[in-house]
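Colleague: Protein chains in written order, with our numbering: chain A, 71 to 573; chain B, 2 to 313.
Simulated from the structure, these hints should not be mistaken for lab results. C-beta atoms are modelled at their ideal positions from N, C-alpha and C, and glycine is treated no differently. Careful: at least some of the hints might be erroneous.
[What the hints assert, rightly or not] Under the rule of at most 30 Å between Cα atoms (straight-line distance), these lysine-lysine pairs were calculated in the DSS-like manner:
id : chain 1 : residue 1 : chain 2 : residue 2
1  : A       : K553      : B       : K28
2  : B       : K134      : A       : K228
3  : A       : K118      : B       : K72
4  : B       : K134      : A       : K118
5  : B       : K210      : A       : K118
6  : A       : K451      : B       : K72
7  : B       : K226      : A       : K101
8  : A       : K416      : B       : K72
[Said to hold, decoys possible] Stretch-level coverage of chain B by chain A, calculated; a stretch enters the list once three of its residues show a Cβ under 8 Å from a Cβ in chain A:
id : segment
9  : 37 to 48
10 : 254 to 264
11 : 267 to 279
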Amino acid sequence: MFEGITTGLRGALSFIDRGRLTEANIREGMKQVREALLEADVNYDVAKDFTARVSEQAVGERVLKSLRPSEQIIGIVYRELVSLLGGDPDAREFTPESTASLLGIKRDGMTVLMMCGLQGSGKTTTCGKLARLLQRDGVRTMLVAADLQRPAAIEQLKTLGGQIGVPVYTEDPAASTPVQVCQNGVKAAKKAGDVRVVILDTAGRLAIDEQLMRELRQIDNKCAPDQAVLVTDAMTGQDAVNSAKAFNEALELDGVILTKIDGDTRGGAALSIKAVTGVPLKFVGTGETLEGIEPFHPDRMASRILGGGDIATLLEKAQREFDADEMEDAQRKMAEGRFTLDDFRKQMQMINRLGPLRNVMKMIPGMGAMAELDPGIDMDKEVHRIGAMIDSMTLDERRNPDRIDRSRRNRIAAGSGTNPADINKLLKDFSVMGGMMQGVSQMGMKDRLKAVQQMAGQAMSNPSGRMMQQKQRSKRGPLDELKAREKEKRKKKEAKKQRKKNR
Amino acid sequence: MGFFDQFRQGLEKTRKVLNTDVRDLFKAGEILDETQLEAFEGRLVRTDMGVAAAGEIVAELRKNFEGRTVKLDEVSETINRKLRDLLEGDGSSRYDAEDPLSPLRLRADGPTVILVSGVNGVGKTTSIAKLSKLLKDNGKRVVLAAGDTFRAAAVEQLTLWAGRLGCEIVRGEPGADPASVAHRGAERLIDSGADVLIVDTAGRLQTQKNLMDQLDKVRRVLAKKVEGAPHESLLVIDATTGQNGLSQTKSFSEAAGCTGIVLAKLDGTAKGGVVIAIRRQMAIPVKYVGVGEGIDDFAVFNTNEFVRALEI
Chain A
71 MFEGITTGLR
81 GALSFIDRGR
91 LTEANIREGM
101 KQVREALLEA
111 DVNYDVAKDF
121 TARVSEQAVG
131 ERVLKSLRPS
141 EQIIGIVYRE
151 LVSLLGGDPD
161 AREFTPESTA
171 SLLGIKRDGM
181 TVLMMCGLQG
191 SGKTTTCGKL
201 ARLLQRDGVR
211 TMLVAADLQR
221 PAAIEQLKTL
231 GGQIGVPVYT
241 EDPAASTPVQ
251 VCQNGVKAAK
261 KAGDVRVVIL
271 DTAGRLAIDE
281 QLMRELRQID
291 NKCAPDQAVL
301 VTDAMTGQDA
311 VNSAKAFNEA
321 LELDGVILTK
331 IDGDTRGGAA
341 LSIKAVTGVP
351 LKFVGTGETL
361 EGIEPFHPDR
371 MASRILGGGD
381 IATLLEKAQR
391 EFDADEMEDA
401 QRKMAEGRFT
411 LDDFRKQMQM
421 INRLGPLRNV
431 MKMIPGMGAM
441 AELDPGIDMD
451 KEVHRIGAMI
461 DSMTLDERRN
471 PDRIDRSRRN
481 RIAAGSGTNP
491 ADINKLLKDF
501 SVMGGMMQGV
511 SQMGMKDRLK
521 AVQQMAGQAM
531 SNPSGRMMQQ
541 KQRSKRGPLD
551 ELKAREKEKR
561 KKKEAKKQRK
571 KNR
Chain B
2 MGFFDQFRQG
12 LEKTRKVLNT
22 DVRDLFKAGE
32 ILDETQLEAF
42 EGRLVRTDMG
52 VAAAGEIVAE
62 LRKNFEGRTV
72 KLDEVSETIN
82 RKLRDLLEGD
92 GSSRYDAEDP
102 LSPLRLRADG
112 PTVILVSGVN
122 GVGKTTSIAK
132 LSKLLKDNGK
142 RVVLAAGDTF
152 RAAAVEQLTL
162 WAGRLGCEIV
172 RGEPGADPAS
182 VAHRGAERLI
192 DSGADVLIVD
202 TAGRLQTQKN
212 LMDQLDKVRR
222 VLAKKVEGAP
232 HESLLVIDAT
242 TGQNGLSQTK
252 SFSEAAGCTG
262 IVLAKLDGTA
272 KGGVVIAIRR
282 QMAIPVKYVG
292 VGEGIDDFAV
302 FNTNEFVRAL
312 EI
């Protein structure tokens, strides 16, 4: 998410990076930063304040005389961005918070959550997502369908509740009012005894609609919800701040959830909500399915905005998903150059568990741009195909790929539903990779990261290269890149010699 | 019918709060300087029209008026003309407010197919209901195809509307291929001899490649069944949408061949300026605006009214 801001800022900051830093080009750079923020829908005033603060600090003498001024400026922009997003730029360690504490769920007794937001922001879906998260953590939850306005909103919540096994309290929309539904819903939850969280799904509204805002205030008064949460569409433009303000004035919001950030939305205006209202962002919605919700991390987001990637999230995920013994084993083998196709397959499976490859790549610094290369290519399908190829080999073949001759190759291709040229390519790629891995595994962690980024850089300079190319190739089989390059080189050398002779 | 009245009513409240007008910024008799221009740019950006469009207008003002004494009429005339140019392109998108069906390319010699698409939660289904009402009120027989087989209860939502409006509706099972629903809708259109088929689709983010491909398939299926279908492909955009609207329009145009935009939820505080950015880059006109939650809160887009309502 927020790629828009990322790209824009990267462009703006690379301008500063060039040449010597003068007061004039800081100002020019800041103008570009501001433009990038505005294009990303950051609120006009917030963007203005932001650049003013940054340039004030940047123009100071300390920066100009420092060794790497541009780095320092990026530091300032980062810190300001983290603050803008509601985080603490000095916090080094991240302490994971549970869903319950993020939502302010009380240790004992029942907590009432009231969800509100504009029409179509994704309230009902978000209700379902939160209920699923809570339920997973063993917190009994009940949903209350208080949106009597949109046709079939009740149906939608019922269906969602059914999917996750959470009870849904409903009333006949013709014979009831939203306030009544909420009151009765809370009563019903109390009666049920073991329900710890009640989520009220209120009707969507336009912030300026006085009548509906009054209704919200009534629910607020009668049911006294412990938490009022605003659901906002990340695609909202300059108006995001207005509506957030209106809701905040009516209800005193406790948190904001940003939805639909899985698109290419820049999400800038939503960032300004925090700056203008002071209400913290708590979760982000990342998809239509019920799993699509994640806690919001200001620092990570800021570093992602600056193109720094989101290594922390990836590491956290990796630690959870990877088998430490297996990793160690694989690493030892790599170092010794004994890494086989079988090990390769295992590693692939582990990476697979991290989620879609494209998302994983986005989190690695420097690879974000690569993940955007060609949206038409399904990388996960490609990984799946490679898996099928390896699965179709015998154990012996996996350990000694040299043994694979034409006949074996044909068999493997038939078994995996690919063609022999693909098998050939895989084997070649693997042998190249084996060498690289041996090198990489002997480096320290920092060098290793650098190497990965270098590799990414290489792939960038040859955007159509690697795994994506197969289908366009001729039947004769893949062209050997190394050999071709060798040939080019030799040709040039020959030509040079010739020129010398002719002189 | 009071599109403009309602529209302005909604905006009246904001006007009172913000009390903004060009007159507050550029005072007659004063000399136009850079500070004023910058403040004005901020006002333009706040409508979501984007930095590029705002920059264009400010550049024009700078060229014509900077350093001179402000003549209010001239200044607002320049702004309005520039905005109208940005919105109308070659003028082909000026519609007759008296004839609510004038923006639609209805076929004279056979049934018309209208495909409606957009991202999640922009108000597609509601817009379809409003459009059906409009068509019905003007003597057209409408068949609806509930192609949103993904979101829970989306089909029910459209069915409810169909019931209220007395339209025929073709439905699919949850999770069914939307193309199959569209296909059956087109069959029903031909069999029943109705005038217009409106095909609803599930909301999708424009970055979801496979879902965009699915939309393309719906279009192909319709084209196979009815000649030249879809005759109208309407993209619904939420008026609160920011610059992402550009990306939405680009991607949806590729997949669904958009012929027009419905700007929904224009009755809030948002001004829908993003359509200016869209029109600046692409030749897709705004055809209708949704101005409220009632079934009749739907009107033909009118450039002059829109520019006035931007209140800059």
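Colleague: Any of the earlier hints contradicted here, and which numbers?
Modeller: 1, 4, 5, 6, 7, 8, 10
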